[in-house]
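4 protein chains.
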Amino acid sequence: MPLACLTDFQAYARERLSKSTWDFIEEGADDNFTRDDNIAAFKRIRLRPRYLKNVAKVDTRTTIQGEEIAAPICIAPTGFHCLLWPDGEMSTARAAQAAGVCYITSMFATCALEDIAATAPRGLKWFQLYAHPDRQLNKQLLQRVESLGFRALVITVDVPKLGNRRQDIRNQLDLKMSLLLKDLHFPKERTSMPYFQMSPIDSSISWNDLSWLQSITRLPIILKGILTKEDAELAVKHNVNGIIVSNHGGRQLDDVPQGEHGVEEVLNIIKNEFHTSMTLTGCLSVAEINRDLIQFSRL
Amino acid sequence: MPLACLTDFQAYARERLSKSTWDFIEEGADDNFTRDDNIAAFKRIRLRPRYLKNVAKVDTRTTIQGEEIAAPICIAPTGFHCLLWPDGEMSTARAAQAAGVCYITSMFATCALEDIAATAPRGLKWFQLYAHPDRQLNKQLLQRVESLGFRALVITVDVPKLGNRRQDIRNQLDLKMSLLLKDLHFPKERTSMPYFQMSPIDSSISWNDLSWLQSITRLPIILKGILTKEDAELAVKHNVNGIIVSNHGGRQLDDVPQGEHGVEEVLNIIKNEFHTSMTLTGCLSVAEINRDLIQFSRL
Amino acid sequence: MPLACLTDFQAYARERLSKSTWDFIEEGADDNFTRDDNIAAFKRIRLRPRYLKNVAKVDTRTTIQGEEIAAPICIAPTGFHCLLWPDGEMSTARAAQAAGVCYITSMFATCALEDIAATAPRGLKWFQLYAHPDRQLNKQLLQRVESLGFRALVITVDVPKLGNRRQDIRNQLDLKMSLLLKDLHFPKERTSMPYFQMSPIDSSISWNDLSWLQSITRLPIILKGILTKEDAELAVKHNVNGIIVSNHGGRQLDDVPQGEHGVEEVLNIIKNEFHTSMTLTGCLSVAEINRDLIQFSRL
Amino acid sequence: MPLACLTDFQAYARERLSKSTWDFIEEGADDNFTRDDNIAAFKRIRLRPRYLKNVAKVDTRTTIQGEEIAAPICIAPTGFHCLLWPDGEMSTARAAQAAGVCYITSMFATCALEDIAATAPRGLKWFQLYAHPDRQLNKQLLQRVESLGFRALVITVDVPKLGNRRQDIRNQLDLKMSLLLKDLHFPKERTSMPYFQMSPIDSSISWNDLSWLQSITRLPIILKGILTKEDAELAVKHNVNGIIVSNHGGRQLDDVPQGEHGVEEVLNIIKNEFHTSMTLTGCLSVAEINRDLIQFSRL
Chain A
545 MPLACLTDFQ AYARERLSKS TWDFIEEGAD DNFTRDDNIA AFKRIRLRPR
595 YLKNVAKVDT RTTIQGEEIA APICIAPTGF HCLLWPDGEM STARAAQAAG
645 VCYITSMFAT CALEDIAATA PRGLKWFQLY AHPDRQLNKQ LLQRVESLGF
695 RALVITVDVP KLGNRRQDIR NQLDLKMSLL LKDLHFPKER TSMPYFQMSP
745 IDSSISWNDL SWLQSITRLP IILKGILTKE DAELAVKHNV NGIIVSNHGG
795 RQLDDVPQGE HGVEEVLNII KNEFHTSMTL TGCLSVAEIN RDLIQFSRL
Chain B
545 MPLACLTDFQ AYARERLSKS TWDFIEEGAD DNFTRDDNIA AFKRIRLRPR
595 YLKNVAKVDT RTTIQGEEIA APICIAPTGF HCLLWPDGEM STARAAQAAG
645 VCYITSMFAT CALEDIAATA PRGLKWFQLY AHPDRQLNKQ LLQRVESLGF
695 RALVITVDVP KLGNRRQDIR NQLDLKMSLL LKDLHFPKER TSMPYFQMSP
745 IDSSISWNDL SWLQSITRLP IILKGILTKE DAELAVKHNV NGIIVSNHGG
795 RQLDDVPQGE HGVEEVLNII KNEFHTSMTL TGCLSVAEIN RDLIQFSRL
Chain C
545 MPLACLTDFQ AYARERLSKS TWDFIEEGAD DNFTRDDNIA AFKRIRLRPR
595 YLKNVAKVDT RTTIQGEEIA APICIAPTGF HCLLWPDGEM STARAAQAAG
645 VCYITSMFAT CALEDIAATA PRGLKWFQLY AHPDRQLNKQ LLQRVESLGF
695 RALVITVDVP KLGNRRQDIR NQLDLKMSLL LKDLHFPKER TSMPYFQMSP
745 IDSSISWNDL SWLQSITRLP IILKGILTKE DAELAVKHNV NGIIVSNHGG
795 RQLDDVPQGE HGVEEVLNII KNEFHTSMTL TGCLSVAEIN RDLIQFSRL
Chain D
545 MPLACLTDFQ AYARERLSKS TWDFIEEGAD DNFTRDDNIA AFKRIRLRPR
595 YLKNVAKVDT RTTIQGEEIA APICIAPTGF HCLLWPDGEM STARAAQAAG
645 VCYITSMFAT CALEDIAATA PRGLKWFQLY AHPDRQLNKQ LLQRVESLGF
695 RALVITVDVP KLGNRRQDIR NQLDLKMSLL LKDLHFPKER TSMPYFQMSP
745 IDSSISWNDL SWLQSITRLP IILKGILTKE DAELAVKHNV NGIIVSNHGG
795 RQLDDVPQGE HGVEEVLNII KNEFHTSMTL TGCLSVAEIN RDLIQFSRL
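Going line by line, the protein sequences match chains A, B, C and D.
Convert by adding 544 to the 1-based position in the first sequence; the result is the number in the working numbering.
Convert by adding 544 to the 1-based position in the second sequence; the result is the number in the working numbering.
Convert by adding 544 to the 1-based position in the third sequence; the result is the number in the working numbering.
Convert by adding 544 to the 1-based position in the fourth sequence; the result is the number in the working numbering.
Don't take each hint at face value.
Put simply, identical chains are the same to the list, so a pair is met inside one copy or across any two.
Stated by the list, open to error - The list that follows gives simulated cross-link-like pairs (lysine-lysine, DSSO-like), each with its CA atoms no further than 30 angstroms apart: (1) K781 to K587; (2) K587 to K601; (3) K773 to K587; (4) K601 to K563.
Hints are computed from structural coordinates only; laboratory data are not their basis.
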């Protein structure tokens, strides 16, 4: 049977994955309220179609942080792709390159960044960072990222503590162990997961540390996980290059804003204040795959 | 068991049709949000009954584009009736004639237009067109339609691209093949489906092409699929004779307006602006059978 | 197991009744929207409890049309009680007398009015009428009702046509036949159902006929089935003695107002306009058992 | 499988308890509307997370009625813990002491107050009272409570009549009998339940009796069950030391206010009027475990 939509791919994956891997991907944090709100928010979107327009040819190209993409779509950073497919993030990078969209590579990628960069040399790639308590390690990593041709740095701000995913607790999931198991397609021969070893995440990082981050990289800095007007205003004030409005697909703090209503005050800042002040060259609100509301504004 | 309502007919049909035919009829586009919204919109309708009125005799007659009908009801254009019943659209035409309502014959009818016209000579009939990229073919067809006594031309504007019906993809439905299969009641001896061969639909047609359409027919022109105030205003400006507010039963673009709230701004134009300007002689909002909100306004 | 609430009684009845009798009682008209709305409206009622009040003794007595009842509750008129219990409406009358509430006897009672009156001589009883096209028959019936001690006349206005109950159609229910079947506890020896034979109901009756009805009875007249502000105002104007706000338990026209929102404009008239004009001595909004919102206002 | 959340504990308990004990704990009054509203109200809570704050160290300490607790959480008074665990309320008291939160011991505790006090000597404990019609019994009990080191008196005001719990009626639950059954872990050797024998609850108690209650104890008095602005204002006027906004977990009167909307007018009084007048030293809105909305305001 042909796979006609995401739901079909979901069913296809569920049949083929172990329960603990499926749960790891499918589940949100705590009561799954935010995950479910995200899906419901998608369902509330309504389009007002205009007709009798010549649509024989359609062009969806745009630019993001100065680079052209074929459509206003980025692949959000998600980790552990080798749990699902033998060559993990390398497949994702090639798919993004083929579609002409931006691939934001997660710091928890299970392929080496060198391999990801080499397999899709023409595709636009950004790198996503969880700051490590050891500042020297952050600096070394970012130098490597820059030299491999990643064009922007996405700093995730919504994981001061890891989300409480109940099914992972019940399954006693151990990602490090899982990735060593033979049946999970992990490319053991590669010296990967150096970044995964970098845990724990620094929970002390604050707005004051942004100038230090800006001092150790030439890449534009995008903050991922902003959900409030106040934090969006602080992002403008601290001269970051963009923000990603996201609730982490409902996998971090549960019961947070979502959808067109929950985050409209942030989107208004993206549309109005950033636009008039022109501080940022690109401002973006992307979503976890299949989970969040996708909003996109460009300056 | 007597069939007491549409739901009973639905169950009756489902038992007797092949899965792919049932799915073709039942399914909307994409996530079925609009199809389901349509049904929910019907459920939200509330009447304010006034009592102690003499209702021993009730008269529901009205006129549409100058012709009298027994009730303010038209049968919306739907194709491929031969999938469901041996003499397909001829049955529908006779039923409409018996009920005294208008039958809008679809361009994707599976009976010859001559047969449809001949079987119900006294019934009011309109013809629905998907414009073809070859203008000459459109002209020839409309001349034939006029000579057969169809009294208005309904141009569907909401199919610049065919709706994405997932179940049809999963079923690998091939309508041309299906109609040749013996068990589908298709009248092979007739030279039907000439219009079905006319595909593809012209996706370049725009408001500027309306004057050309008006030049090749004497029939009043009704635009079907208008969903926004802006397009309704353009319809007034372009001197069309009516509009049909419809989301194609949720079978075209999903996530579009529906119901009394979703399209009220359009209905207000029908009620107010058209009424005062008197540009149109009849203005109508019909619905896909059992799917849409039925609204009817006459000037 | 003790029967702890109406739901328990419902389950108890369903087990013991034939399918067609259960359906006749349970079902509303058409899509059951109004029936279900009624139940939902009940669920929406919220009380604001005040505490630290001395409630050791509670008195719920009030008066209706000048008669005292133990609580502001009337048993709404429903027909065919013999379908459910051997002595039918006589049981109901005795229960109402024991509880000290008013029993509105339906014209479609399956016990003789004489028997109902005799079995509960001290209970307050009203009589409910569907007007018959033959005016003389109405007059004779009302004289009999008066002589039996019924204290008010309830005229049902919301049945110009009988509600379309699909399950009854599917079950090919024939009430006259059902009541003659042995297993339905019908008291064959009694010459009952004289009123049931009076069908059909007069669908030509209008506001202008009220003065005639007022001329043939000394009983106060209550209109049952008023759902709009306009009709409530007409009731004031025509000097009726009360109105019952009811949608017939959702068994007549479907998709009509219900609950505290749907009928609030009517209830406001009951509270305000009737109160100031003092035209009516009692004004009441009762409900079908277990179905409607119960509202009660007295002047 | 690890127990990851309250839902897991619920399933664990359901497997191990008799049906009548489970029902007694799980069920609300009447239709369970308020119980279910409470759960829905929890689900509606949305947080607005602010990020890039240093959260390496978090301190949730606060004070209540002058005593420090580790977090703004109290264990609400619930009775009959011996139905669930051999040493009943003694376990609860030790758990509260370990967590550093306040334990409000129910008058319907199934362990002797002396044992509860002795098993958790350092934990903050309050005592909850249902006033008995015999005033002398109330006085004796409160003297004992004070001498055992309970630091506040919580008077429940929302049980002038016991809630109508249908499942208990259907199960013919007899709590006194249940607690004597061997399989219910009841500590028969102890002379407990002296207060349970004190039933019935005084339904005549009113605001005027508060001064008498204040005269027989030195403990601060907290009223539990206030749901309206009017009663909150009366509480201020009568110089009580705090109120607990609660609908008794939906186990008393059904269909009452709940959640952030239902009780916001009361919470506004807690926040505004009490704050400015400074009459109360602490004002608290706690919830039944897993049922109510938890709101906490301190002055």
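Hint check:
1. K781 to K587: Result: close neither inside a copy nor across copies, 34 angstroms intra and 34 angstroms inter.
2. K587 to K601: Classified as within; 28 angstroms inside a copy, 39 angstroms across copies.
3. K773 to K587: So K773 and K587 pass the 30 angstroms test inside a copy (24 angstroms) and across (23 angstroms) alike.
4. K601 to K563: neither (45 angstroms within a copy, 35 angstroms between copies)
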